[in-house]
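Q: Working from the sequences, and respecting the hints, build out all of it.
Those protein sequence lines, which keep their order, are chains A and B.
The numbering used here puts the first residue of the first sequence at 1, with every later residue one more than the last.
The numbering used here puts the first residue of the second sequence at 1, with every later residue one more than the last.
Everything labelled a hint here was simulated from the structure, so no lab data went into it.
Treat the hints with care, since some could be wrong.
To give an idea of the interface, some chain B residues facing chain A are shown, with a C-beta separation under 10 Å as derived from the structure [as the list claims (entries may be wrong)]:
1) Leu-284
2) Leu-332
3) Phe-424
4) Ala-431
5) Trp-432
Among chain B residues calculated to face chain A with C-beta under 10 Å, some are [what the hints assert, rightly or not]:
6) His-304
7) Val-407
8) Pro-426
9) Pro-437
10) Trp-450
11) Pro-473
Now the stretches of chain B that chain A is said to cover, found in silico as 3 or more residues with beta-carbon under 8 Å [claimed, not checked]:
12) 334–347
13) 408–415
Where is the CB? At the ideal position from N, CA and C, for every residue including glycine.
There are 2 protein chains.
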Amino acid sequence: MATGRAIQKYEIMELAFDGPNGGNPFREIRLRARCSHGDRQVLVDGFYDGEGVYRLRLMPDAEGEWTVITESNAPEMDGRRHSFVCTPARSRVHGPVRVHDTYHFQFADGTAYYPAGTTCYAWIHQPEELQERTLETLRSTPFNKLRMTVFPKDYIYNRNEPALYPFERTAAGENDYARPNPAFYRMLERRIRQLASLGIEVDLILFHPYDRWGYARMGHANDLHYVRYIVARLAAHRNVWWSLANEYDFMLDHKTVGHWDTFFQTIQERDPYGHLRSIHNGNLATNYDHTKPWVTHVCIQNPHVHECKEWRKKYGKPVIDDECEYEGNIPLPWGNISAQELVHRFWVMAANGCYAGHGETYLDPNDELWWSKGGVLRGESCPRIALLRETLEGLPGGLTPLEEEWVWGRVAGGASGNHRLLYFGPHQPVAWSFGLPQDVDYQIEWIDTWNMTVTSVRQTFRNADSIPLPGRPWMAVRIRPMV
Amino acid sequence: MATGRAIQKYEIMELAFDGPNGGNPFREIRLRARCSHGDRQVLVDGFYDGEGVYRLRLMPDAEGEWTVITESNAPEMDGRRHSFVCTPARSRVHGPVRVHDTYHFQFADGTAYYPAGTTCYAWIHQPEELQERTLETLRSTPFNKLRMTVFPKDYIYNRNEPALYPFERTAAGENDYARPNPAFYRMLERRIRQLASLGIEVDLILFHPYDRWGYARMGHANDLHYVRYIVARLAAHRNVWWSLANEYDFMLDHKTVGHWDTFFQTIQERDPYGHLRSIHNGNLATNYDHTKPWVTHVCIQNPHVHECKEWRKKYGKPVIDDECEYEGNIPLPWGNISAQELVHRFWVMAANGCYAGHGETYLDPNDELWWSKGGVLRGESCPRIALLRETLEGLPGGLTPLEEEWVWGRVAGGASGNHRLLYFGPHQPVAWSFGLPQDVDYQIEWIDTWNMTVTSVRQTFRNADSIPLPGRPWMAVRIRPMV
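A: See below:
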């Protein structure tokens, strides 16, 4: 008989234990649990949450009775037993996102997930009021993924000191990397849960080079303890993705490729849910080798989105170009493309069966740039990205890029069964005959990706030689079989 | 003492001889001349022009006295002697275009030449009235190079029969490849001279695959005779460039790379003026190997203009992307980009020290598409290309692309001494600090490449940290040292 409170599927079952308070519990006390559901066993790590309190978290992914038995080198926490019943998930809770169909994603419950991400790197390190404004903004955007760092950031437009530090720290600014700061993590977890409630996946960046506090150079042993601690705390959150680094290659002088491999392997071993794992490059020429087995999908920075089909082929995994440059006007070349160009890049990626990420970098008198601090959006790409996301969601599955290079190396087109999504970008044909589904009646929508109009072309076509098009740029066409 | 009429430099000195009329003079009679200017000798081939008349042409490239002595296997044309004085060139006659400074071009007299070409493949095979309209249109464009074929063309929007055929032909349509048609060549030469008078270089395409008459498959021996004949007739025209093929790789089943090499070598040997030589690809992946020594410059077809710096490095020669797709609206993906996109591609190439080519393919009720037939231009790119050409002509020499990939792989920028030309495309910074000349006072012009405004920014800057920019897309900046 289950004794604990019932837990809905994909929510967090948390157990708290009083345990040893002396020495350094973060390093000295081990706690884990075997969680059983029928014949299946899941091993989860516990963690020290300060003030003598230890916690264990489990995200049940199957309905029915679960049994939890602890193991610890602290006798009072060893062999403790708990059971609970997992009940059906609430509506709109679909579980973690998984790779699906080699190049795409879906939630654990089979719901399609088409990433449309944005970036607010250091939003949790801003004043409370600004953080709340960020959440408020996100509420009315199409974004279903957010790239953000664990650590604070020291970079242009973002020099402010955080309110909470991820490690204990003396007044003089000396870090104790052996002692994570539980208050910081409680704040982080609260934000992750709020994002979950908005339907937003958290692409959580574990390391980045823009640092003045020391977190980028803690040394490999401390790095590994940090990775294990954060996995133990956060893995039970269904909407977490592990992004090992922002611009990993800008840290290669102190974190080698071998170190990054070890972080991946550690996460793979310690995260019982297999949350998505990837890593982001700085230089365009130094992508991490995403063919490595511990990488679940390709995260890259690259403005040359028409090459996305090559990345897809090279790595054989889903591709997200999380930094195809940002809408904005700052003097840095990665942060000043027009809204129209960013929307264009999103569509090129999407019609080729890949995905793009958003960021916004308009100069602001208070240095509140969305990409770093969050706040409000000023740009014009956001509603257009919403239209793209809706368009994808009207397809039966992810797109496979069309192959004839002399056509599809110039315009973008993908197929999902008998459905097609073609995107013409700066091309403006008045008619089109390539890549249409055959032996089927189909209906056509003209999507003006910039003016955000969708026009159903009234005729139906059957193996037509060509379809009419309006002869203006920035058009997409969605072709669906008649039902 | 010179006996002949004086000839201006870079014009054509032509001698006519009566000679044998029987058999096949095209194949059986050899005529050439040693042309001497001081210690220098130039060997030129003569050619048979029908009805017992043979001609020899020389384009003198040096002032002073020239002596010509013929050699022939026809005794009446052997050992004939002629002399003439070469006088200074007329104004605006600058001689043939040469490669200059590895990646650029200039005329033989040292005048800069920045190619801004267009394409009317089969314009000389259209009705006379349409040909005249083409010339009339060209008169008011910025174009200083025209891609055109020798042979007629059989392809969409161009199925009409030519008025003149390049070889003798029976009423039943049987070709005699051993007998070029002098009337055809006289027409071709007239058009080449008319283009010269408009300041337009002729990028003359010797072979192409879009053929129903047999010219694409004459066999290698006939091909070689044709190449020699056309060089003998046309090489004295200062504005001829040899473009061995349009889409050579679409003919590889009957003309191997070895055959193409031989054509190049033959032209190199027979053309005493060393006119520019290149060859154009169909598939993006099958560029001819432009590093071969007989290729003077790179002619390619490729829409991915941001890769132009790689082509420049790979081949170490001037790069002209003669088919970076055409402004138009036809259903073919290479023929339907917007004017804005074509202008953008021209600027990307130019700021990277390369060059682009224009073509226009708007559907027309009479199938009069500029790219194939000439006629009139309907598009919007032409005046913007004029602005680009003027902008380049205001620089002291060709541009060398700026190198830092994280900046200049995203926006386009080139240097010519202390001058800079930066092109931002879809980037819209409000300020910029990269790639500026140092240790010099300089003045700045904002060039709105689409709206065609040039704004001198009134301040002068000296090693400034950054320059102001208007924060909108499609801008270029020309930076020139104060004088």
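Q: Hint by hint, work out which the structure violates, then give me just those numbers in ascending order.
A: Structure breaks hints 9, 10.
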